[in-house]
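Let the sequences and hints guide you as you build the complete structure.
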Amino acid sequence: SVRVVDGPTAALKADGEGYFSATVEGVRPGARYLYRFPDGRERPDPASLGQPDGVHGPSEVVDLAVIAPRSRGPGTELQRLVFSEIHLGTFTPAGTADSAVRHLRDLRGAGFTAVEVMPVAAFPGARNWGYDGVLLFAAHAAYGGAAGLSRFVDGAHGQGLSAFLDVVYNHFGPEGNYLGEFGPYLTSRHKTPWGDAVNYDGEDSAPVRRYVIESALRWVSSAGGGFDGLRLDAVHGIVDESKVHVLRELQEAVQREAKETGRTIHVIAESDLNEARLVEPIEKGGYGLDAAWADDFHHALHTALTGESKGYYRDFAPPLVDPIDAVAVALREGWYYSGRHSEHRGRPHGTPASHLPGRRFVVCAQNHDQIGNRARGERLVELTSPGGLRVAAALVALSPSLPLYFQGEEWAAPEPFLYFVSHGDPALVEAVRNGRREEFKSFDDFGGEVPDPQSEETFAKSKIDWERRSSREGQAALHWHTALLGLRREHPALQDDRREALQARVEGRALILRRFNQGKSVLLVTLFAEEQAAVDLGDGSWRILLDSGAPSFRVSEDALPARLEGNVLRLCGRHAVVLEQTA
Numbered sequence: 002s003v004r005v006v007d008g009p010t011a012a013l014k015a016d017g018e019g020y021f022s023a024t025v026e027g028v029r030p031g032a033r034y035l036y037r038f039p040d041g042r043e044r045p046d047p048a049s050l051g052q053p054d055g056v057h058g059p060s061e062v063v064d065l066a067v068i069a070p071r072s073r074g075p076g077t078e079l080q081r082l083v084f085s086e087i088h089l090g091t092f093t094p095a096g097t098a099d100s101a102v103r104h105l106r107d108l109r110g111a112g113f114t115a116v117e118v119m120p121v122a123a124f125p126g127a128r129n130w131g132y133d134g135v136l137l138f139a140a141h142a143a144y145g146g147a148a149g150l151s152r153f154v155d156g157a158h159g160q161g162l163s164a165f166l167d168v169v170y171n172h173f174g175p176e177g178n179y180l181g182e183f184g185p186y187l188t189s190r191h192k193t194p195w196g197d198a199v200n201y202d203g204e205d206s207a208p209v210r211r212y213v214i215e216s217a218l219r220w221v222s223s224a225g226g227g228f229d230g231l232r233l234d235a236v237h238g239i240v241d242e243s244k245v246h247v248l249r250e251l252q253e254a255v256q257r258e259a260k261e262t263g264r265t266i267h268v269i270a271e272s273d274l275n276e277a278r279l280v281e282p283i284e285k286g287g288y289g290l291d292a293a294w295a296d297d298f299h300h301a302l303h304t305a306l307t308g309e310s311k312g313y314y315r316d317f318a319p320p321l322v323d324p325i326d327a328v329a330v331a332l333r334e335g336w337y338y339s340g341r342h343s344e345h346r347g348r349p350h351g352t353p354a355s356h357l358p359g360r361r362f363v364v365c366a367q368n369h370d371q372i373g374n375r376a377r378g379e380r381l382v383e384l385t386s387p388g389g390l391r392v393a394a395a396l397v398a399l400s401p402s403l404p405l406y407f408q409g410e411e412w413a414a415p416e417p418f419l420y421f422v423s424h425g426d427p428a429l430v431e432a433v434r435n436g437r438r439e440e441f442k443s444f445d446d447f448g449g450e451v452p453d454p455q456s457e458e459t460f461a462k463s464k465i466d467w468e469r470r471s472s473r474e475g476q477a478a479l480h481w482h483t484a485l486l487g488l489r490r491e492h493p494a495l496q497d498d499r500r501e502a503l504q505a506r507v508e509g510r511a512l513i514l515r516r517f518n519q520g521k522s523v524l525l526v527t528l529f530a531e532e533q534a535a536v537d538l539g540d541g542s543w544r545i546l547l548d549s550g551a552p553s554f555r556v557s558e559d560a561l562p563a564r565l566e567g568n569v570l571r572l573c574g575r576h577a578v579v580l581e582q583t584a
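Residue numbering for the sequence shown follows my numbering, beginning at 2 and increasing consecutively.
Everything labelled a hint here was simulated from the structure, so no lab data went into it. Just to be clear, a hint being listed does not mean it is correct.
[As the list claims (entries may be wrong)] Between beta-carbon pairs, the in silico distance windows are: (1) Ala12 <-> His345: 54 to 64 Å; (2) Glu253 <-> Arg81: 16 to 26 Å; (3) Tyr20 <-> Glu501: 49 to 59 Å; (4) Lys442 <-> His345: 12 to 22 Å; (5) Ser22 <-> Asp155: 28 to 38 Å; (6) Ala95 <-> Arg29: 24 to 34 Å; (7) Glu450 <-> Glu18: 21 to 31 Å; (8) Gly41 <-> Tyr20: 16 to 26 Å; (9) Glu261 <-> Ala584: 49 to 59 Å; (10) Glu261 <-> Gly31: 28 to 38 Å.
[Said to hold, decoys possible] Quick list of in silico lysine-lysine cross-link-like pairs, DSBU-like style, CA-CA up to 35 Å: (11) Lys260 <-> Lys244; (12) Lys464 <-> Lys311; (13) Lys285 <-> Lys521; (14) Lys285 <-> Lys260; (15) Lys192 <-> Lys311.
Just so we're clear, the structure is a prediction, and the values are computed from it rather than from any experiment. The C-beta atom is built at its ideal place from N, Cα and C for all residues, glycine as well.
Right under this line is the structure:
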C-alpha cells in the first residue's frame, strides 16, 4: 500500500509486469508519502523526486512540470566544451545550488563553456561527495532539492554555459539503499569494488535497466532536469554481458530525447580501462558515447611534475617510463596504455585510440578523485612549483582533448578537497574511518592521522575561499588560465583536433607540442626542469603569443621571461611558452 503522511492509505494494485500502482485523490505537491510492505515496513519511493527528510524518510510529491528549467542550453558542440567540475556543497560557503548560481558568471568569464556538477542524487546525511547516492531521481535536499537544481540549470544557461551532471550507475550507497526490497536490482553474479553489482544482465534485469535509463532521462529531459549532458561515473564498474550493453542503450535513449526536442545532449564516461569502444560508433561495434575521461594524461603529467611513483603512478615513473614522454604519447594517441604491459596491473592494458579525435577524450591536471583520494586531499598547488602549475594549465588547455578543471583551479585555490561523509549508522562510520586509515598506512611518505571523514570540520576545510580569487596570486593564475582558454577558443591552428594535425616530441626535459590547421601553426614549449634550456624550434619564423614567465602571469621572481633568439627559444625553470609561426 501507499500511505500519505497525514492523509489516506491506498492499496496498490499489481499490473502483472512487476509494478504496483494506485491513484490517490487530493494529493498536492509537497505532500509526503511512503510505501508500506505487508509486514509493516515503510520505505521511500525508489523513484522519489524529493527526500526533504533524508533517504530514510518519506518521499515528497514534486511537480516537475512546475519547477523544470525554463531555459534551453546553448547547444555547445562537443569540441568546444571546457569543463569546470564543481561540488555544490563546497563550491560556496552556503553549499547550495542557489548560492552557486552567483558564481556562474565568473566561470564564463574565465573561459569555461560547461559546468559539471558532482552527483546530487539523494544520499545519507548532509555531507557527501555524492557517490553514496541511493535514490537516483531525487535531488539532494540540502542543495535545494529539485527546485534549486532547476534554478541552477537556468542560471548556467543564462550565462551561456552547458550544464552537466555526474551520475552514478555502477553501485548504490551503503546506507538507505532499500532497492533490494523492491526487486532484484542487485546481483551476486558479478562483483564490484562496492560489493554486489547492479543487475544489468541477470534474471529480471530489464526493469533494472529501465530504472537506470529513466533516471538518466529524468536529468536531461526538457520536462525534467534540463541538463545538457551526463558524466557516467566509473563505468568499468558496470558489468553487463547482455547482447546490447546498457551504456549503448542509455546513449540511444538520451539521443532520442535530444532529437525529439531539438537539443544537444552529450554523454561522457569515466573509465580506467582505456577502452576505445566506449566512444566508437555503434555501427562499428562501439557504445556510441560522446567522450571518455583519459586518466593516462593526468597520471603522466602528475608524475612529471611531482616525481611521485606509488600506486598507479608507478606505471608512469622511472625507471619504467619517462613521464614527459608518456605525456607526449597521450597527446598523440589519446592515452599511453593502448595495449602496453602495465606493471601496476600486471598485464597488458588498454586498446588503441590514435584513430579517434581529441574531442573523444577529457583531460585534466586535477579532478575530485585525484585530489580527494589523497590522504590529505592536497591540490597540485601544494605539490609542485608555481611554474609547474602554469605548465600543467598550458598542456591541459592546448591539448586536442576536452579540458577539465576542478573548482578554483583556475585561480590556484589552495584549499584541500578531503573525503567526507555524514552517515547515520555508527558501525558504517567506523568502517569508513578504518578503511581510510588502512588505505594510507602503507605509504611510507605519509605520517599522521587521516582526516576524519565524518567530521564536519573535514567538510568545512574543503570549501573554496572565493576571496582568494581576488588576491595577487589568484589574479595572476586566473589571467594565465583565461589567456590560454581564449587562445584555444580563437586561434585557427587549435581548431583541428585530429591526431594527424599535431606533433608532440620530447627534447631533454622539454615537451614540444605543435598543432596546425588551415596553414596556421602554434607551438607550445613546456620545460619540466628547474634549469636553463635552449629549444630549437626548427624551420620557419616564430613569435611569442604567451609566456608563463611574463610579469602579468606571476607575482614572484620564480620565473623570467623566455627569450627568442632566431629559431632558438631560451627558457629557465618550469616554463610554458606559446608561439605562432609567422612564415
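Against the structure, the hints:
Taking 54 to 64 Å as the suggested C-beta distance range, the pair alanine 12 and histidine 345 conforms, at roughly 56 Å. Between glutamate 253 and arginine 81 the beta carbons are some 24 Å apart, a value that agrees with the proposed interval 16 to 26 Å. Between tyrosine 20 and glutamate 501 the beta carbons are some 52 Å apart, a value that agrees with the proposed interval 49 to 59 Å. In this structure the supplied range 12 to 22 Å holds for lysine 442 paired with histidine 345, their Cβ-Cβ distance being about 19 Å.
Between serine 22 and aspartate 155 the CB atoms are about 32 Å apart, so this pair conforms to the stated range of 28 to 38 Å. Between alanine 95 and arginine 29 the CB atoms are about 29 Å apart, so this pair conforms to the stated range of 24 to 34 Å. Separation of glutamate 450 from glutamate 18 is about 53 Å and departs from the stated range, judged on CB atoms against 21 to 31 Å. Hint check: glycine 41 to tyrosine 20, Cβ distance near 22 Å, so the stated range 16 to 26 Å holds.
The given range of 49 to 59 Å is respected by glutamate 261 and alanine 584, whose C-beta atoms sit roughly 51 Å from each other. In this structure, glutamate 261 and glycine 31 meet the distance hint of 28 to 38 Å, their C-beta atoms being roughly 30 Å apart. This hinted pair checks out: lysine 260 and lysine 244 have alpha carbons roughly 25 Å apart, not beyond 35 Å. For a cut-off of 35 Å, the pair hint linking lysine 464 to lysine 311 stands: about 28 Å separates their Cα positions.
In summary, the hint linking lysine 285 to lysine 521 is supported, as the alpha carbons are separated by about 33 Å, within the 35 Å threshold. Distance restraint check for lysine 285 and lysine 260: the Cα-Cα separation of roughly 21 Å lies within the 35 Å cut-off, and the hinted pair is therefore satisfied. For a cut-off of 35 Å, the pair hint linking lysine 192 to lysine 311 stands: about 26 Å separates their Cα positions.
Hint violations for this structure: number 7 only, all remaining hints satisfied.
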